[in-house]
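Student: Chains as they are written, first to last, in our numbering: chain B, 1 to 489; chain C, 1 to 489; chain G, 1 to 489.
Among these hints, one or two may not hold up.
Said to hold, decoys possible - Taking lysine-lysine and the PhoX-like style, the derived pairs with C-alpha atoms no more than 25 Å apart in a straight line are: (1) B:K488 / G:K189; (2) G:K411 / G:K488; (3) B:K488 / G:K423; (4) B:K285 / B:K411; (5) G:K164 / C:K488; (6) C:K93 / C:K51; (7) C:K59 / B:K488; (8) G:K285 / G:K344; (9) G:K164 / B:K285; (10) G:K285 / B:K419; (11) B:K411 / B:K423; (12) C:K411 / C:K366; (13) C:K344 / C:K285; (14) G:K423 / G:K365; (15) C:K60 / C:K93; (16) B:K365 / G:K189; (17) C:K59 / C:K46; (18) G:K366 / C:K423; (19) G:K486 / C:K423; (20) G:K164 / G:K189; (21) C:K186 / B:K488; (22) G:K365 / G:K344; (23) G:K423 / G:K164; (24) C:K59 / B:K486; (25) G:K60 / C:K51; (26) G:K93 / G:K46; (27) B:K419 / C:K123; (28) C:K411 / B:K164.
Stated by the list, open to error - Here are a few chain C residues that face chain G, going by a calculated C-beta distance under 7 Å: (29) S68; (30) S70; (31) T162; (32) G165; (33) M236; (34) N397.
No wet-lab data here; the hints were simulated from the structure. Glycine residues also receive a C-beta, built at the ideal position from the N, C-alpha and C atoms.
This is what each chain is made of:
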Amino acid sequence: MRRTGLLMVGALIWPLSATAAVSPETSDCLDCHRLIHPGIVSEWEKSRHAKATLEEALKKPSLERRVSLSEVPGSLARVAVGCAECHLMNPEKHGDTFDHEGYHVHIVVTPDDCTICHPTEVKQYSQNLMSHAYGNLWNNPVYHNLADSVNGIQTVADMETTFKGPDEQTHADSCLFCHGTVVEVKGTKTRDTVMGEMDFPVLSGWPNQGVGRINPDGSMGACTPCHTRHRFSIEMARKPHTCSQCHKGPDVPAYAVYQVSKHGSKYSSLSQDWNFSAVPWTLGKDFDAPTCATCHISLIVNPEGEVVVERTHGMSDRLPWRIMGLIYAHPHPLSPDTTLIRNKAGLPLPTELTGESAMDYVIDKKEQDGRRQVLQRVCLACHGSGWVEGHWTRFENAIRTTNEMTLTATKIMLTGWEKGAAKGLAQNDSLFNEAIERKWVEQWLFFANSTRFASAMMGADYGVFANGRWYLSKNIQELADWLEFKTKE
Amino acid sequence: MRRTGLLMVGALIWPLSATAAVSPETSDCLDCHRLIHPGIVSEWEKSRHAKATLEEALKKPSLERRVSLSEVPGSLARVAVGCAECHLMNPEKHGDTFDHEGYHVHIVVTPDDCTICHPTEVKQYSQNLMSHAYGNLWNNPVYHNLADSVNGIQTVADMETTFKGPDEQTHADSCLFCHGTVVEVKGTKTRDTVMGEMDFPVLSGWPNQGVGRINPDGSMGACTPCHTRHRFSIEMARKPHTCSQCHKGPDVPAYAVYQVSKHGSKYSSLSQDWNFSAVPWTLGKDFDAPTCATCHISLIVNPEGEVVVERTHGMSDRLPWRIMGLIYAHPHPLSPDTTLIRNKAGLPLPTELTGESAMDYVIDKKEQDGRRQVLQRVCLACHGSGWVEGHWTRFENAIRTTNEMTLTATKIMLTGWEKGAAKGLAQNDSLFNEAIERKWVEQWLFFANSTRFASAMMGADYGVFANGRWYLSKNIQELADWLEFKTKE
Amino acid sequence: MRRTGLLMVGALIWPLSATAAVSPETSDCLDCHRLIHPGIVSEWEKSRHAKATLEEALKKPSLERRVSLSEVPGSLARVAVGCAECHLMNPEKHGDTFDHEGYHVHIVVTPDDCTICHPTEVKQYSQNLMSHAYGNLWNNPVYHNLADSVNGIQTVADMETTFKGPDEQTHADSCLFCHGTVVEVKGTKTRDTVMGEMDFPVLSGWPNQGVGRINPDGSMGACTPCHTRHRFSIEMARKPHTCSQCHKGPDVPAYAVYQVSKHGSKYSSLSQDWNFSAVPWTLGKDFDAPTCATCHISLIVNPEGEVVVERTHGMSDRLPWRIMGLIYAHPHPLSPDTTLIRNKAGLPLPTELTGESAMDYVIDKKEQDGRRQVLQRVCLACHGSGWVEGHWTRFENAIRTTNEMTLTATKIMLTGWEKGAAKGLAQNDSLFNEAIERKWVEQWLFFANSTRFASAMMGADYGVFANGRWYLSKNIQELADWLEFKTKE
């Protein structure tokens with residue numbers, strides 16, 4: 001099936017959409033896979049990868065460029081970025097490389113493959129919390145225990161419940177779906193295919209598109225959660241539905257809040273007329289209200305072509321505060337590897353149980369101010385200074401008050417552990433496996449989070465009745481009552 | 001008002017959209033109803049029913065055909081499918097037929113009316129769980145009791161609550177809204193209309209578009225929940241919003257899960273450029289990601305025009321497992337009439353209270369394997385074999401673990417009934433009417449379901465914090481605590 | 001920077017979109033603000049305000065008119081409605097007027113500014129509950145106390161929780177986000193701007209787009225929650241996402257219900273082909289299913305151009321019942337100022353604690369019948385009389401049964417207060433600050449509401465498992481159990 005030495009011209013093979021020349025290797029792939037996996041191939045045909053060569057991409061003015069390499073690698077310069085250009089990249093580094101029709105193909109394309117054309121984006125992403133999402137959860141004993149408590153199988157006998165550790169499949173289907181699995185080769189399987197018998201590697205943790213996936217080439221992260229295979233559409237990455245894949249639940253209701261915000265309302269009502277593909281992205285011309293990407297990631301210019309904010313793939317580069325996932329909101333961690341953090345109590349948490357930040361491990365006020373200013377540049381393109389100041393005052397007040405409400409819940413919980421209403425650290429037991437403990441967790445993981453997201457993004461009822469302050473205040477009373485019931489003689 | 005013998009040409013009456021000739025009877029209807037019910041008429045004008053005759057429909061190549069009859073009934077061959085063609089069909093079988101301006105009109109158009117042009121679809125649907133949705137709920141004493149417990153009116157005196165049976169209107173507004181009501185003629189009412197005084201039948205259970213509606217002609221089901229009146233648009237039936245009408249709540253969060261899945265994200269971001277009207281529906285050409293219909297119902301072909309899966313209106317023909325609505329996930333029932341089922345304990349349930357399947361009443365492994373293979377043909381058009389195998393391994397693991405978590409909750413509940421914390425079968429009391437019993441029901445009806453849907457359709461957080469494993473594990477602890485509180489002296 | 005006496009022609013400055021002449025004052029604004037706030041300016045450029053003069057607007061036939069003034073004020077007749085035309089209006093009445101580049105500019109544009117061109121709409125809105133949303137919440141001691149209980153900060157010591165009054169920022173971020181804040185000048189701030197040092201007023205409660213905002217000119221309400229700045233698009237106001245900004249949470253799930261209704265499903269599937277900008281709005285031609293605006297606000301005509309319903313900005317003019325926010329559903333209040341209401345117990349509530357309406361303060365049966373008839377005119381354009389009657393019978397039955405279920409919960413709560421399980425009025429304590437009290441509130445504020453909205457708008461599962469009857473019936477049992485736990489020795 002291998003065909004060499006023949007440069008297939010895309011325009012001939014794929015007359016409808018592709019215009020860039022296809023490499024002979026990619027042509028070989030397409031010969032079979034357009035029949036076997038027509039969905040993948042047709043997606044790719046619609047992609048920019050199929051239509052433009054790297055040489056063309058690099059001729060564009062700096063602000064319009066979608067690649068960040070400085071020199072064109074000769075082998076890739078004049079062909080479409082097709083199957084072979086990615087799935088044959090760095091074969092020796094890929095544990096999942098296998099012999100396939102005369103080629104050394106690997107299954108999982110990783111940031112280290114993408115970096116040849118997009119080095120700046122990959123580097124930024126690697127210095128970002130999201131690329132560390134697997135380790136930050138799994139290698140932090142507090143959080144790993146939380147995952148086990150959520151996913152573990154419980155049995156009951158004589159009114160005593162027993163946890164047994166969850167299996168790998170359950171974790172992959174739960175927390176690691178978004179955080180990322182460890183994808184490793186676990187063996188080889190022979191399959192009967194339409195092309196005859198063939199051998200394929202068997203991968204653990206596959207499929208997975210988690211943002212912090214541990215890849216078979218040792219790299220961390222994945223580009224495909226946002227730049228969806230095999231079209232890699234910037235339009236899709238810029239639309240909020242992409243973020244909603246992981247950021248909609250009660251633990252991180254960013255998308256839910258956005259939907260009911262004025263920004264989200266404009267997106268839902270008017271975005272059929274916006275341009276989500278233009279680079280750079282011009283506010284007022286291409287769009288009239290921000291999506292997630294506008295504020296947090298994209299390169300934005302004003303109608304005069306002046307840069308409002310630079311593109312970043314460090315998702316928290318414009319964020320002074322981390323408002324989700326941890327017990328208290330706090331300044332963003334210094335290092336993307338948060339397993340390094342130790343609070344005064346020796347726990348791998350960025351705050352004490354009573355809320356004070358572990359100052360050595362989080363960004364300082366100056367860095368916070370800088371990040372706030374960058375984000376506010378986006379706000380200020382459409383809102384007056386008084387508006388923006390008022391908004392931020394309110395948001396930072398919400399950070400303080402939600403932290404206070406979490407502290408109160410935590411004090412009740414501490415009393416609960418002390419009084420034996422639940423077993424905690426002193427009994428060498430999980431902090432997360434009993435009903436009253438779960439109520440405490442919901443205080444910060446659901447209700448304080450929702451309240452802060454609603455405040456940050458002006459999501460109205462998400463700060464009140466839709467998982468907001470209503471629950472924040474009710475939950476304290478329920479916690480107190482539950483403790484009373486548990487300790488009643 | 002009756003006009004006969006005159007064939008009105010649609011193109012003259014409705015020059016903007018309709019092109020097929022309208023029958024004299026339909027023309028009579030339109031004369032008045034375009035003034036009285038302009039919304040209905042304009043919808044119909046935009047429909048294919050108004051634009052093509054049966055004769056034309058049958059000339060199409062087999063894969064493009066939207067009708068499944070084999071011979072053209074003379075009377076319908078060359079006219080548009082208008083008001084009269086449906087509302088005057090089978091008048092003698094329709095209990096709701098009434099004299100109206102010289103015609104024997106019936107109000108409720110049913111599958112037995114639609115079958116003249118769409119016999120294959122109606123037959124498939126009739127052998128399908130959904131067409132039996134009324135009886136499967138109402139004629140199953142366990143489930144009927146659940147409905148009564150949910151909908152019943154409670155009063156309180158001396159701290160004792162009393163249930164009184166819910167009224168017919170409440171049931172119609174609640175469970176039977178989706179499951180279907182019994183629509184029967186209950187009398188006649190004279191109304192002052194713009195056309196003068198007129199008599200109309202009064203129908204019980206009306207309005208209703210439930211999928212298992214019991215119709216005045218004795219047929220079961222309705223086509224209009226998905227093929228919305230009076231446009232009957234295939235575009236709308238294929239879009240996921242149609243399914244969300246019944247499949248979004250915590251008991252069956254299919255749409256909610258889809259929305260945050262990669263498939264749903266692509267739909268939300270890119271589907272403005274897809275073609276939802278083409279028959280057959282070509283993957284890669286007409287659409288780039290599946291909607292509900294793609295995987296479960298539609299005829300799908302690949303870009304070469306080869307059939308990937310045949311069309312079916314038996315909604316579970318591609319489903320090996322039933323993952324919702326019952327206490328445990330189990331192989332699909334053999335018969336669409338599930339009231340026939342008896343488990344070993346004699347209850348009309350497809351599993352024992354402890355989870356084992358009632359094997360005589362559910363499909364066997366071979367049938368399960370066949371259905372799985374059919375569904376996987378859709379997956380494999382865009383995903384590699386390893387991907388699909390990995391996904392299914394994970395999903396079937398979720399079925400096992402969620403069943404285990406339900407078993408644990410059930411054991412606590414059994415203890416509760418035994419210890420008198422709640423009144424159950426032994427006391428001849430409902431299993432569903434006390435607080436602790438409701439917690440038990442939520443374990444399987446909400447949390448186990450959500451977890452399985454999230455796993456089946458890759459819906460991320462719906463398997464964790466959004467009604468998934470977080471609640472599945474927390475609920476067991478709350479059940480145990482609640483039992484402790486209830487039994488404390 | 002001030003430039004006078006020169007009439008700038010919009011078509012020259014803004015060739016792409018604006019066609020109306022811009023006043024010299026607005027031209028001055030645009031000179032700087034198109035650079036400083038390009039997002040605002042580009043939004044405005046796309047607006048009708050930028051494209052048509054009042055003189056042109058008044059030439060339209062009555063049904064097509066979007067303005068309701070009778071005489072053209074000379075100064076505004078022939079210029080675009082630009083920055084200056086609104087932000088310089090009524091400077092002497094505006095507490096927030098400040099000197100800015102030679103102009104007396106005010107920040108907050110209010111209904112009293114809009115009234116010059118839209119007097120009918122402003123007047124209707126002023127006689128509407130929504131324009132009183134601030135006072136109706138804040139000046140009603142029962143409801144103000146509810147807000148305090150939700151938003152207050154709790155601390156704990158020796159297992160006793162203490163409330164401290166919430167700060168102004170929290171209220172603004174919570175209830176008042178939708179209800180409206182009090183916007184007052186609190187001082188002046190000098191800011192370094194790109195134009196040099198400038199003074200600006202500092203406003204309390206800013207930013208805010210609440211529907212009952214108290215403005216610096218003394219007026220009540222805001223037009224911008226629905227007519228979003230600075231495009232003021234009728235398309236956006238008519239789309240349901242606008243209403244979802246405030247009407248989606250569990251306390252008022254109108255949008256959530258709409259989404260899963262047949263109407264909402266048609267909107268989601270088909271509205272890409274509808275015309276949301278036409279005035280008047282023609283059913284069957286411009287749209288095939290209603291949005292929120294269709295039923296409650298818009299001027300609707302049939303395809304013959306006959307008026308089906310007149311436009312109203314009194315949002316409850318077509319509503320016989322108030323089904324949300326209060327303990328029991330009841331006929332709509334007579335006056336938009338509900339602080340005037342006193343029930344027999346002397347409380348500022350439109351019903352007794354046991355459900356009977358405070359008849360002197362709510363509309364009578366005749367007015368209810370009139371409003372029902374107006375709303376039903378919309379229904380009847382697409383549905384038969386039997387359909388509409390059946391629907392309304394069911395909806396008004398849901399009002400009765402949900403009120404009954406609330407009464408039962410209230411009786412349990414009254415027993416709870418009596419037995420000391422919670423502190424209430426007798427102890428001069430809040431009715432809303434303890435766990436059991438919150439359960440009682442959820443009965444009416446969440447579950448009864450959701451059930452009624454689902455019934456009113458045919459939202460299926462929202463009447464059952466999605467915050468509907470499932471919770472309504474379960475909550476009574478939980479309330480009874482909680483009371484038992486609280487009062488156990």
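Student: Against each hint, give a clear statement of whether it holds in the structure.
Tutor: Hints and how they fare:
1. B:K488 / G:K189: violated, 57 Å
2. G:K411 / G:K488: Answer holds: K411 of chain G to K488 of chain G is near 19 Å, not above 25 Å.
3. B:K488 / G:K423: holds, 20 Å
4. B:K285 / B:K411: violated, 51 Å
5. G:K164 / C:K488: violated, 35 Å
6. C:K93 / C:K51: violated, 28 Å
7. C:K59 / B:K488: violated, 79 Å
8. G:K285 / G:K344: Status violated; Cα separation ~51 Å.
9. G:K164 / B:K285: violated, 47 Å
10. G:K285 / B:K419: violated, 69 Å
11. B:K411 / B:K423: holds, 15 Å
12. C:K411 / C:K366: violated, 32 Å
13. C:K344 / C:K285: violated, 51 Å
14. G:K423 / G:K365: violated, 38 Å
15. C:K60 / C:K93: violated, 32 Å
16. B:K365 / G:K189: The hint holds at about 23 Å.
17. C:K59 / C:K46: holds, 21 Å
18. G:K366 / C:K423: Distance ~48 Å between K366 of chain G and K423 of chain C Cα, so the pair is violated.
19. G:K486 / C:K423: holds, 21 Å
20. G:K164 / G:K189: With Cα atoms ~30 Å apart, K164 of chain G and K189 of chain G exceed 25 Å; violated.
21. C:K186 / B:K488: violated, 58 Å
22. G:K365 / G:K344: This hinted pair holds, its Cα atoms lying about 20 Å apart.
23. G:K423 / G:K164: holds, 17 Å
24. C:K59 / B:K486: Cα-Cα ~74 Å, so violated.
25. G:K60 / C:K51: Violated - the C-alpha atoms of K51 of chain C and K60 of chain G are around 36 Å apart, more than 25 Å.
26. G:K93 / G:K46: Distance of about 30 Å is beyond 25 Å: violated.
27. B:K419 / C:K123: The hint is violated at about 65 Å.
28. C:K411 / B:K164: holds, 17 Å
29. S68: violated, 24 Å
30. S70: Nearest chain G Cβ about 32 Å off; hint violated.
31. T162: Status violated, d = 9 Å.
32. G165: Since the shortest Cβ distance to chain G is 12 Å, the answer is violated.
33. M236: With a minimum Cβ separation of about 4 Å from chain G (threshold 7 Å), the hint on M236 of chain C holds.
34. N397: Violated - the Cβ of N397 of chain C stays beyond 7 Å from chain G, reaching only about 26 Å at its closest.
Of the numbered hints given earlier, the model fails hints 1, 4, 5, 6, 7, 8, 9, 10, 12, 13, 14, 15, 18, 20, 21, 24, 25, 26, 27, 29, 30, 31, 32, 34; all others are met.
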